[in-house]
Amino acid sequence: MIRVEYVNKKFRKLQALNNILADFWKGQVVSLIGPNGSGKTTLIKTILGMVKPDSGKIYFNGEIINGDPSYRKNIGYMPQIGRYPDNMKVGQLFEMLKSIRAVDEKDIDKDLVVKFNLEDIYDKSMRTLSGGTRQKVSAALAFLFDPDVLILDEPTAGLDPLSSEILKEKIIKEKNKHKLILISSHILSDLDDLTTHVMYLQEGKVEFFKDLSVLQNETGEIKLGRAIARIMKDQKANALWIDDVISKTERRLSEQK
Amino acid sequence: MLKLTKYVLYDILRSKIIIGYALFLLVISVSMFQMEENGSKAILSLLNIMLIVVPIISMIFSTIHYYNSYEFIELMLSQPMSRTRILLSEYVGVAGSLLAAFFVGIAIPILIYSPGATGMAMIFTGSSLTLVFSSLAFFASVKSRDKARGIGVALLLWFYFALIYDGFILLILFSFSDYPLEKLTVVLSSLNPIDLGRIFIMLKMDVSALMGYTGALYKDFFGGSMGMLYTTVVMFLWIAIPLRLAVSSFKRKDL
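Taken in sequence, the protein lines are chains G and E.
First residue of the first sequence: 1, per this note's numbering; consecutive thereafter.
First residue of the second sequence: 1, per this note's numbering; consecutive thereafter.
Next up, chain G with everything else stripped away, as it sits in the complex:
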């Protein structure tokens, strides 16, 4: 469905993406994980055409992406930081996107709008919303057009536990509809019940891209966090982030004993 072929991207001296090769298929829920600055967001933005790769190609449904924006009508994107024009009203934002995409009312998926009670705040201007509420708006927008591909950048960061649960349920529902979902997140426990594949990025390189069950078998761990920690420990990764995960899991293990 999406094929990323030998994509390289350099920001000044920083190699943000280093020869990335990956295939994403329908029905997959891919978790993009890795330390800060490992290239997760850059990879997402490259797929969306916001960042232009230095070399390499990206295919969407077999067609190469080269500036024609129409492929993006099949993608729902939830950004890491949602900032909207201050004086725009919530309702207007939804109206605007509907008019841009020119979709019939019946094809619109209002699930999250209803569950997050966003219709009650349609008259409020964006400036008055809290960070979490804006995040809910972003999530509802990503799912609004029932797209084949969902790209979610840190979806649960900033959401309260209840909303985060609602969002996770929605993701599982879409997963069962056989869609491709890419999630980047640091909160591994949130990904546990969702993910089918794990892509681990470090310094712009794909360390591994595996089926979750393969990963669980290889490591003998069921929880995603522990499995990743185990792998990285074996590979003697020096990332602080991973050390942190390892120490936490070990602490938890000893507590359980």
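No lab work stands behind these hints, which were simulated from the structure alone.
Please read all numbers here as calculations on a predicted model, not as lab measurements.
Built from N, CA and C at the ideal position, the CB exists for glycine as well.
Wrong hints could be hidden among the right ones.
Distance condition first, Cα-Cα at most 30 Å in a straight line; then the derived DSBU-like pairs of lysine-lysine [stated by the list, open to error]:
hint: 1; chain 1: G; residue 1: 115; chain 2: E; residue 2: 6
hint: 2; chain 1: G; residue 1: 52; chain 2: E; residue 2: 6
hint: 3; chain 1: E; residue 1: 253; chain 2: G; residue 2: 205
hint: 4; chain 1: E; residue 1: 3; chain 2: G; residue 2: 98
hint: 5; chain 1: E; residue 1: 3; chain 2: G; residue 2: 124
hint: 6; chain 1: E; residue 1: 147; chain 2: G; residue 2: 10
Which chain E residues stay away from chain G? Per the calculated CB distances, all over 10 Å, these [to be verified]:
hint: 7; residue: 8
hint: 8; residue: 26
hint: 9; residue: 36
hint: 10; residue: 38
hint: 11; residue: 68
hint: 12; residue: 79
hint: 13; residue: 170
hint: 14; residue: 205
hint: 15; residue: 219
hint: 16; residue: 249
On the provided structure of chain G, position chain E as indicated by the hints.
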């Protein structure tokens, strides 16, 4: 195209800055017309204020708006919309609301108190300057990633066109005063939209007699219908070229 512009306009027209700008211009123009008995004197005072205020506000406001909409532009980029369309919609929205403020603040008082050729020239120049400087501001902001730098560049450009450029012209005129410079000054004035606007209005005011031989040449050149056409074309180029450059650099940009 207009789908996005409509909502950008909704957003900006409700912003306090644009409302404040319109009111500020309105207070100035109404008080000018109330204080001066003579309509054309009032227009002359208003002209000097307009040539300073309109460019700088257009520039600063467009720059700040661009940076504040950065994440919103990103979200629009994830929609099936081309980059050219997004940037142009933003431009039309911003420039349109600045124009609206200009019309409320200056154009309507002129039409009420002193309609006529000079008034029309004022309205034409003010609207063109609004469009020119927001276009320059878009170019400056697309080029620089950092907000502080973008605003700095915008301010520098304004300084250049409003102050430094006139210094250069004076320097040239003084150093080469032995040569016939009349034609050159016409060219030089086209290279600065503020100067061009000023000359265009002055010549409608019958004060060109005060400007000596160059004034006579200006009158000859800008006074007729050719001058009107020339000014329009040059102003249009001043709007189109920076905007075109902004679009082509925005197309290649990483967001």
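Status of the hints after comparison with the structure:
| no. | hint | result |
| --- | --- | --- |
| 1 | G:115 to E:6 | 29 Å, holds |
| 2 | G:52 to E:6 | 29 Å, holds |
| 3 | E:253 to G:205 | 23 Å, holds |
| 4 | E:3 to G:98 | 10 Å, holds |
| 5 | E:3 to G:124 | 21 Å, holds |
| 6 | E:147 to G:10 | 22 Å, holds |
| 7 | 8 | 7 Å, violated |
| 8 | 26 | 21 Å, holds |
| 9 | 36 | 37 Å, holds |
| 10 | 38 | 41 Å, holds |
| 11 | 68 | 8 Å, violated |
| 12 | 79 | 6 Å, violated |
| 13 | 170 | 42 Å, holds |
| 14 | 205 | 40 Å, holds |
| 15 | 219 | 47 Å, holds |
| 16 | 249 | 12 Å, holds |
This entry does not satisfy hints 7, 11, 12, going by the numbered hints stated previously.
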